[in-house]
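Quick mapping for you: the protein sequence lines, in order, are chains H and G. Residue 1 is where the first sequence starts when you use this note's numbering, and the numbers rise one by one after that. Residue 1 is where the second sequence starts when you use this note's numbering, and the numbers rise one by one after that.
Pairwise CB distance ranges, derived in the manner of DEER restraints:
| no. | chain 1 | residue 1 | chain 2 | residue 2 | range |
| --- | --- | --- | --- | --- | --- |
| 1 | H | F69 | G | Q31 | 26 to 32 Å |
| 2 | H | K13 | G | E5 | 28 to 34 Å |
| 3 | G | P10 | H | L83 | 26 to 32 Å |
| 4 | H | K13 | G | G41 | 17 to 23 Å |
| 5 | G | Q80 | H | H10 | 27 to 33 Å |
Covered by chain H, according to a simulated footprint, are these stretches of chain G (three or more residues, beta-carbon under 8 Å):
| no. | stretch |
| --- | --- |
| 6 | 39-47 |
| 7 | 91-101 |
From chain G, some residues computed to sit far from chain H (all C-beta separations above 12 Å):
| no. | residue |
| --- | --- |
| 8 | S26 |
| 9 | N53 |
| 10 | K67 |
| 11 | V109 |
In case anyone wonders, no lab produced these hints; they're calculated from the structure. From a predicted model like this one, the values you see are computed outputs, not experimental measurements. Backbone N, C-alpha and C define an ideal beta-carbon position, used for all residues, glycine too.
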Amino acid sequence: ETGVTQSPTHLIKTRGQQVTLRCSSQSGHNTVSWYQQALGQGPQFIFQYYREEENGRGNFPPRFSGLQFPNYSSELNVNALELDDSALYLCASSFWGASGANVLTFGAGSRLTVL
Amino acid sequence: QKEVEQNSGPLSVPEGAIASLNCTYSDRGSQSFFWYRQYSGKSPELIMSIYSNGDKEDGRFTAQLNKASQYVSLLIRDSQPSDSATYLCAVNRGGSYIPTFGRGTSLIVHP
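Isolated chain H (complex conformation):
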């Protein structure tokens, strides 16, 4: 059973640039959630995708967007990067079934630095 994989692991961008982060969900999972974790803070929910549709969104501006593909992998795109976007971006997959969603399995994260 493969776990959740994220790429890239580290990247540096400058203000105003755009970034795409990628995530492959754990085998058997059909739901992907993205979280932003600033230093010393807990993960903050960005959005969740189920069956290629956005299934919930946190308090993030529209320049944060995402996609889920038929193989349940996902992308997080951030446009017009700001210094405060510097954080660890965590992808988590889970299975959504008849009894609801089970617990999250996190990837190792992508650490974004915006200069």
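Given the structure of chain H, go ahead and fit chain G onto it with the hints provided.
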């Protein structure tokens, strides 16, 4: 009031002691509660989940839930230096399957 509150710590305990980590939440309709452990520079990993009032034990870990007081805790018995990490409390609000995380409590177990 934040949805999920935790004392950021650090909580420092000697090896072999019981570490007690606490979390309060604001939504009375919350149904699912989780504790994740996050080592420095790593991603969170699930330790325990609890859904009903009372205690749930798994090895050295015990989760305690009191919905009336909107309080959930994690006890770690016989603490080891390898338990040193940040412990994140996460809560699914009523009607939601999306967990909201607290800021985490840093635990240091010293030899």
